[in-house]
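Participant: The whole structure should be built from the sequences, with the hints applied where relevant.
Mapping of the sequence shown onto my numbering: residues 1 to 215, in sequence order.
Simulated from the structure, these hints should not be mistaken for lab results. Remember, predicted model here, so these are calculated numbers, not experimental data. Note that beta-carbon positions come from the ideal geometry of N, C-alpha and C, so glycine has one too. Please note that the accuracy of each hint is not assured.
What follows is a list of derived Cβ distance ranges for each label pair [unchecked claim]: (1) R102 - E61: 18 to 24 Å; (2) G103 - L75: 23 to 29 Å; (3) Q145 - N197: 14 to 20 Å.
Each computed BS3-like pair below joins lysine-lysine, with the alpha-carbon atoms no more than 30 Å apart [unchecked claim]: (4) K54 - K32; (5) K162 - K212; (6) K142 - K162.
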Amino acid sequence: MLKPAMIAISLALSTLPALADDIVLIGTMGNKGVFQINGQKKTLQSGQQSGMFKIISIQAESAIIASNGQQRQLLLGQGYVAQGGNPADGHASSLTLTPDERGHYLVNVGINQSSQAGIIDTGATHLSMSRPTAESMKISYKNGQQGHSQTANGNIGAWLVKLPQIRINNITLYDVTAVVRDSNDSAPILVGMSVLNRFQMRREQELMILSKKAY
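Facilitator: Laid out in structure tokens, this is it:
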């Protein structure tokens, strides 16, 4: 039975390597793991390889992967960015997304050798995360502009910060505004309009196509 990932947030005020592949463990199913690799969902079992990543073993809520001769453990929802990937990574111009079983469009959000799943949210003004997540990622949010954020539970405190560089799947974006909410929730990354306004968005049946705007 598939065990869905508890999506974690990974953001930091530092830059990504120019060439990279990213992987996120989004579920496990017996001896198989469900991964999102460079934005594509793949089901792999022990011994199989996709791009720079080889699957060593699958446990109930984690997986051991190998990349560049090093092994590491991924918990559900965790990701990793490996340096030295496809030279085109970071220079793509469009994304084609398919919805998951709940109708959500997922992307990989990458910062500084870390990659986590995010949810496209056209109703969110900014890229958004909770305070504990920002603290775990060493974001200096208290240097940001203080204000308020509207949530389902009303207005809460928040900080507005600027992230110098992020990756959405294999597209690199610069100077992205993000909100750090003064809350203890473990909600996933919300990929709001401070990211989405960098793209032309269109739908083709169930597909969402994001084309990076030229500046």
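Participant: For each hint, tell me whether it holds in the structure or not.
Facilitator: Here's how the hints hold up against the structure:
Here the CB-CB span from R102 to E61 is close to 20 Å, well matched to the stated 18 to 24 Å. Taken as a hint, the range 23 to 29 Å holds for the pair G103 and L75, whose Cβ atoms sit roughly 25 Å apart. A beta carbon spacing of about 19 Å between Q145 and N197 agrees with the range 14 to 20 Å that was offered as a hint. The hinted pair formed by K54 and K32 meets the criterion: a straight-line CA distance of about 13 Å does not exceed 30 Å.
At most 30 Å may separate the alpha-carbon atoms for a hinted pair to count; K162 and K212 meet this at roughly 20 Å. Proposed proximity of K142 and K162 is supported: the alpha carbons are some 12 Å apart, at most 30 Å.
In terms of the numbered hints stated before, the structure departs from none.
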